Amino acid sequence: MKNIQKYSVVLRQATRADVAQLSQIETLSYTTDRISARSFKRFIDQGVGDFQVLCVDDQVVGYFIVLYRQATELARLYSLAVHPEFRRRGYGRLLLQAAEDAADERFCLFMRLEVKVDNMAALQMYHAAGYYDMEIRAEYYEDDSDAVVLQKLLPQFKRSDLDQDQARLVPYRTQTTDFTCGPASLLMAMAYFDIACADAHHEELEIWREATTIFMTSGHGGCGPHGLARAALKRGLQVELHVSEAGPLLLDSVRSSDKKQIMARIQEADIAALEREQVPIVIGEYPVAQLMADLQQGKLVIALISTYVFDESKAPHWVLICAADEHYVYINDPDQDTFAWQSPAERQYIPIPIATFKRAFGFGKRKQRAAVVLSRAPG
Numbered sequence: 001m002k003n004i005q006k007y008s009v010v011l012r013q014a015t016r017a018d019v020a021q022l023s024q025i026e027t028l029s030y031t032t033d034r035i036s037a038r039s040f041k042r043f044i045d046q047g048v049g050d051f052q053v054l055c056v057d058d059q060v061v062g063y064f065i066v067l068y069r070q071a072t073e074l075a076r077l078y079s080l081a082v083h084p085e086f087r088r089r090g091y092g093r094l095l096l097q098a099a100e101d102a103a104d105e106r107f108c109l110f111m112r113l114e115v116k117v118d119n120m121a122a123l124q125m126y127h128a129a130g131y132y133d134m135e136i137r138a139e140y141y142e143d144d145s146d147a148v149v150l151q152k153l154l155p156q157f158k159r160s161d162l163d164q165d166q167a168r169l170v171p172y173r174t175q176t177t178d179f180t181c182g183p184a185s186l187l188m189a190m191a192y193f194d195i196a197c198a199d200a201h202h203e204e205l206e207i208w209r210e211a212t213t214i215f216m217t218s219g220h221g222g223c224g225p226h227g228l229a230r231a232a233l234k235r236g237l238q239v240e241l242h243v244s245e246a247g248p249l250l251l252d253s254v255r256s257s258d259k260k261q262i263m264a265r266i267q268e269a270d271i272a273a274l275e276r277e278q279v280p281i282v283i284g285e286y287p288v289a290q291l292m293a294d295l296q297q298g299k300l301v302i303a304l305i306s307t308y309v310f311d312e313s314k315a316p317h318w319v320l321i322c323a324a325d326e327h328y329v330y331i332n333d334p335d336q337d338t339f340a341w342q343s344p345a346e347r348q349y350i351p352i353p354i355a356t357f358k359r360a361f362g363f364g365k366r367k368q369r370a371a372v373v374l375s376r377a378p379g
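In full-length UniProt numbering, the protein residues as written are 1 to 379.
You may find that some hints are simply not true.
What the hints assert, rightly or not - Taking lysine to any residue pairs in the SDA-like style, the calculated list, with each CA pair at most 20 Å apart, reads:
(1) 367 to 244
(2) 367 to 253
(3) 365 to 278
(4) 41 to 9
(5) 367 to 234
(6) 41 to 55
(7) 41 to 59
Because the hints were derived from the structure by calculation, they are not lab data. Because the structure is a prediction, the values reported are computed rather than measured.
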């Protein structure tokens with residue numbers, strides 16, 4: 001990076017006047033799948049994504065194009081290239097950082113890209129920048145060569161962002177089955193509030209058994225909000241439940257009226273038990289302002305979300321909300337498949353843009369919402 005300081009280095013938006021130099025860089029950089037001059041002009045004229053060029057002493061020596069996927073928080077690094085005569089000077093890393101900054105300013109969660117499997121220099125740069133291999137796409141390029149798909153989580157949680165440098169982080173736990181996201185979230189909260197658990201794996205299944213809404217293969221297989229609240233209360237936590245509507249939830253996908261009736265009766269029993277214990281059940285919206293107020297009071301929130309905005313799969317899912325600031329809600333997601341390319345430590349306090357969380361919060365056509373608010377019991 002020291003060599004960069006010897007020259008006048010400028011990053012700016014691409015213009016039509018750059019197309020000839022961009023085409024030269026493209027010809028010298030790639031043998032197949034080149035971006036044509038016409039495509040460069042289209043990107044510039046239509047303002048598609050972010051398209052910036054790197055100039056050294058007024059010469060265009062590199063560029064990046066980032067595209068954005070509508071209705072998701074995914075950015076795609078469509079292309080990045082540096083003129084061969086200007087490589088190994090840190091310009092590639094400079095362009096990559098600028099591309100990530102552009103995506104981060106749009107509150108994108110992920111940057112994704114593809115690289116030829118034999119492009120070791122590019123792979124080394126991306127790996128050093130924190131990108132993880134997701135998958136191999138066979139015969140991806142025009143010459144039938146394979147591509148490595150890489151991805152990186154862009155924003156990162158910093159304790160200083162919340163002025164809680166000394167605060168203890170909520171421990172992370174991965175669910176051990178496809179259907180125990182709720183119990184795993186509750187176990188994380190229990191660990192944070194210092195509630196002992198001799199056998200976490202057994203307790204995860206025990207909580208699921210107590211709180212499940214499934215009956216003879218009907219339903220989504222996971223836990224209901226009333227059952228989770230009841231399980232949390234049983235384990236010594238103080239509980240407040242927020243649901244968007246009164247009565248049983250998550251029954252819309254059950255086709256059998258008999259099975260639906262049995263599942264409803266189970267949830268009604270949970271509701272009655274919570275009422276006997278005088279657990280507050282608040283019917284209506286659970287706004288972000290209330291969420292932030294609860295978190296500031298040291299509470300944690302198990303929230304029902306739809307995973308569609310993250311991976312386009314329509315599944316109800318429980319996550320543990322640990323913190324929030326003016327830009328992000330920070331979650332511990334117990335599902336290791338959501339961020340399989342990251343270590344457990346990096347799946348802790350995942351930043352979700354507030355606008356994205358609002359879209360994800362709730363499930364089904366009727367957007368049924370539920371939040372189990374947990375705190376340490378008095379005494």
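Run the structure past the numbered hints and jot down the numbers of the failing ones, going up. 3, 4 and 5
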